[in-house]
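Asker: Just so you know, the sequences run in chain order Z and V.
Under this note's numbering, the first residue of the first sequence is numbered 578, with each subsequent residue one higher.
Under this note's numbering, the first residue of the second sequence is numbered 578, with each subsequent residue one higher.
If a hint is listed, it holds; no wrong ones were tucked in.
When chains are identical, the list treats them as one kind, so a pair holds in a single copy or across two.
Only pairs whose alpha carbons sit at most 25 angstroms apart, straight line, appear in this in silico SDA-like list of lysine to any residue: (1) Lys1234 - Arg1180; (2) Lys872 - Arg630; (3) Lys1234 - Asn1177; (4) Lys600 - Tyr863; (5) Lys600 - Gly959; (6) Lys934 - Pro924; (7) Lys872 - Ser662; (8) Lys600 - Asn1096; (9) Lys600 - Gln1221; (10) Lys972 - Arg771; (11) Lys1238 - Leu1175; (12) Lys964 - Thr835; (13) Lys1234 - Gln1125; (14) Lys881 - Ser579; (15) Lys934 - Ser603; (16) Lys938 - Gln1085; (17) Lys1234 - Glu1172; (18) Lys934 - Glu1083; (19) Lys1238 - Pro1176; (20) Lys1238 - Asn1177; (21) Lys1234 - Gly1198; (22) Lys928 - Ser603; (23) Lys600 - Ser662; (24) Lys972 - Thr791; (25) Lys938 - Arg1113; (26) Lys600 - Glu1220; (27) Lys972 - Ser781.
For the record, the hints were derived by calculation from the structure and aren't laboratory data.
Only a predicted model underlies this, so the values are computations on that prediction, with no experimental measurement involved.
So you can see what is in the structure, the chains are spelled out below.
Number of protein chains: 2
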Amino acid sequence: MSQHLDQLAVNTLRGLSMDAVQKANSGHPGAPMGQAPLGWTIWNRLRRHDPARPEWAGRDRFVLSCGHASMLHYALLHLTGYDLSLDDLKSFRQWGSRTPGHPEFGHTPGVEITTGPLGQGVATSVGMAMAARQLGGRFDRDGHALFDHTIWVIASDGDLMEGISSEAASLAGHLGLGNLVVFWDDNQITIDGRTDISFTEDVSARFAAFGWQTLSVEDGEDLDAIEAAGQAALADPRPSFVRVRTTIGYPAPHKQDTSGVHGSPLGPEELAATKQVMGWPAEPFYVPAELASVKVELMERGAKASSEWDLRHAAYVEAFPEDAAELDRRLEGVLPQGCFDGLPEFPADAKGLATRKASGKVLAALAERLPELVGGSADLAGSNVVKLPGDAMTKGAMGGRNVHWGIREHAMGAAVNGMALHGGVIPFGATFLVFSDYMRPSLRLAALMGLRTRYVYTHDSIGLGEDGPTHQPVEHMAALRAIPGFAAFRPADANETRVCWQAALEWQGPAALALTRQNVPTLDRSVLGSADGALRGGYVLADADDPQVILMATGSEISLALEAREQLASAGVRARVVSLPCFALFEAQDAGYRESVLPNAVRARVAVEAGIRQGWERYVGFDGAYVTLDRFGASAPADVLYEQLGLTSARVVSEAKRVLKG
Amino acid sequence: MSQHLDQLAVNTLRGLSMDAVQKANSGHPGAPMGQAPLGWTIWNRLRRHDPARPEWAGRDRFVLSCGHASMLHYALLHLTGYDLSLDDLKSFRQWGSRTPGHPEFGHTPGVEITTGPLGQGVATSVGMAMAARQLGGRFDRDGHALFDHTIWVIASDGDLMEGISSEAASLAGHLGLGNLVVFWDDNQITIDGRTDISFTEDVSARFAAFGWQTLSVEDGEDLDAIEAAGQAALADPRPSFVRVRTTIGYPAPHKQDTSGVHGSPLGPEELAATKQVMGWPAEPFYVPAELASVKVELMERGAKASSEWDLRHAAYVEAFPEDAAELDRRLEGVLPQGCFDGLPEFPADAKGLATRKASGKVLAALAERLPELVGGSADLAGSNVVKLPGDAMTKGAMGGRNVHWGIREHAMGAAVNGMALHGGVIPFGATFLVFSDYMRPSLRLAALMGLRTRYVYTHDSIGLGEDGPTHQPVEHMAALRAIPGFAAFRPADANETRVCWQAALEWQGPAALALTRQNVPTLDRSVLGSADGALRGGYVLADADDPQVILMATGSEISLALEAREQLASAGVRARVVSLPCFALFEAQDAGYRESVLPNAVRARVAVEAGIRQGWERYVGFDGAYVTLDRFGASAPADVLYEQLGLTSARVVSEAKRVLKG
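The task is simple: from the sequences and hints, build the whole structure.
Answerer: Here is the structure:
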């Protein structure tokens, strides 16, 4: 492509970005303008992609970690032939448009990931690179490489200040993810002014310490230099970090290189002046006719690349039909037929089993049926009981399924998202429930993107005992239940754990299992409701004719409710016990089913959970009672804590009697 | 002190740690054993402290970032003369003891900070160092240095893998916090095995990139080498990072240098074998009589150090009586008399004012009255409207009050905790409400410690508009309300913002203000309830004789409730409007007051908030209705979003009518 056409494209990216932000009277023109040459070089010279097939599995991924530069992304999509029209660009940031303020996965063809919260894109890209390497390690053969694609990332100062990107970069260096290239838009400006008011570290040296190749491009307008750095990145076995010195808002004559151009439209005058500097027509949303040929060329190149890959794929199918069948199924995201058949069942046992241990057995069985299950723990593999059969993922053996995330919960959260976005794997992460807080921004994005990510959160209450309040979740179930679209399961016993794993894997969004450290009785299902009830989120576990009171609980507190029911029966009180392992799933049931479990007429209700009451009010109402916590836990043996903090069957009984009296 | 006594002390630390963990049959022996020489060297040779005066303002702080090594801390407290008895050590990890599983601030004399969640200690220590330097910058004069103390930290691998420590270390390097020394317990073991399964970066090089002095001690048993490194740290103007190569569980003959010694008791046999290797009596909790003299020596040294500081303080009082009076008041944590008098009042104004802007005006006025207010934004100072009068805190001018946290919300959260722990300042941090997720582990610790930290969270709903769902909080008020002891305020208008600032500053724990980006009407208080009602968390804003329905709301949705009340009045329906800016504060009121605001008899209730309903059920019950959200937002102008997502006064009216029909 001629230098002239390249420059025309770069100018067009700048013009469209300025115009769209101006028209919306809202948005971020500075970053798209400064990054336009970088973005264009990646999309035109470095990235292997096919605009007509945005979901082609062999494509290079593109992550705009600084999501506020969304107009650059939309303009690139438009110019390179993706299904995004000029009219789409004109409705930037409007209700119902395909061009929201920050890029949204599943919303705009060609947008690979939702970004905006800083640091997430960089860390998520590490998960994409891991997934590509995992699939490559599992499936690629000599002469049959299907997973040789690259993850291209543009990151801003903010992305690199956020701790999550350090965690993720350390992991990427450790795993030697040579298929990952991060370009740092080093524009030396953040919202509050010059970066040196808060950010004076040697960023490249930090990435070198993480084990990355570090490169520099001193002039962010120099497309050849950017391309050369990208090629050097491809040639190196390490992940690569490329510092690109740019000017935010370039070439706006008065506002470039200032924070004023970060988050506000240029304004009509500066916009006009900038177009004059660029020698650009004043006409808004101007796209030179010459660029039509560029689009055609890019689309032809893309079609060639993807069909070349298709040929490779066809050869693979020919050579390795069984592997290919597994691969294709995995890439389609379809679970194998019958994968939930014959999972471990657990005999009734009063002494019981910790649900984390039951989960470990179920997970091991699932892992045999679901080779796409890939994940591990943030350095608590034994405690979380998540070791899968097979090898660890290491630099030299990336096909391993057991990921050692290290003590990096937040990067784990984002990388799990990245693996899900990449496809071909069902990723999971594990830690203690209390540390779900560390990953919360990534959990939220998983929910927003509707990703089928999974989390194993053990040590799910004060029941973990002596480690004390820093490790005892009390508000975390409520906090997880608060995220729209997130399914938080807290199974009552071993068999419910099996069923909750199934429900979690079938849930069309992120799902977590909260599991006990301590033993809980394995319930006798011959006299109680089937654990399959958990597939509906909540169900009647133990009933009474014409119940007077409903005792509701989850997890380890189910046994308190069951004990209380017996004691109430002795006192002539008819109590129903409802197990509610997943509020979100229960809410997704029809009203008739919910009414059958929690009949409106029975207003005497007691909720029992070793956590705060928030969220339970929905099911308890004004006439019920709570055997819950309104404080942090303490360091002591679990049984002492339950007693001292009033989580006892005796208290459930007395509360039930109290509410019955009304 | 003789080498013999030093070794005796180190052995005693090891013995007590092993014994206490064994007796509790729970805990972490490995880290205390490996770190014993390091801990002893800090406490005996480097740290300036007075065991008899654990709250002496001039003391060097000690942060055990790896809180699981708590037994080292308790044993150090005991051996050096703090008020912690051998019986206290014997009740390690038991209900009601002063020796919980992880160190807890406010629980054990001499414990400066609650640690356990990894990374928090390192990041919090940065805040302590900042507070010391801020006070020094403000108060110290030539020949009158009161704030020359040092923050000594022991950090584990996990602390350094967590992203929060990278954020904080970058900030510490930027600010040149030479009063901060972090010793890295480089034992090459984590829970899942050898660190090199997940952690192969060059940690020292990373800290060098952050602008730290980096030092190494190759033999963690070498007290002189540790001391020399500590002295070199004190001599350097940069923060110092000292890698200390240790052996976890040393000298347990079979378990040292394995992950097996991390989180489980040694067991009787290995314990006995270890004592044999050490040449140590088998007697549990053995403390050699010779160490009594060591304790005396340390207490004498401590008393000398603190009384020398007292003399300096007295000289300061003499020389600078006014500054000294302010300083002493600040160190006592007492607010100045009348500091809430004469704060800005805002005239009624239908067009109104964004509550973030009202907050900015109130904060500026508070800053004049409260010179101890120190803080700033995570690179959103203008958006959060938190610039205080006066200078920025910079490396060369640490007395400045405006902190540029950089795009590091998590480190900001921890550092704010550290400033509060240090004392002498009232710290705050600011960002968008949606990014409170990034700081959540630190918010939780603030609540657990009961710290009076403050947070300004602007852009508090879909009302921020075009930036879209990545930036629009919907579940965050619920998530903040879930943290025990945390007060989350969402004021309805400018005057309520003033009152909520007062309530937040008076709250005995962490408190946040959630503030609008967009304008909201400044209510006419001549016809409505006084904004002072917000001092009780909730109050009747607009009443009706014998109300039929209660409309409850917070923040920007109060105006929808008020409009609905008018429309209902036209239809002959008597509605009360209740403003509930802070659930936690409202719950702290007596039952009579709460009943007066929300009479039990009025069951027709509608909650209105641009967020999820979770938490509101407490006030709404089964017979009420919700004008809330059950989904993420979208990118569009704010008014369009409110309309499209059904947050309208018309819907409040129709829901009110519906619930009245019953």
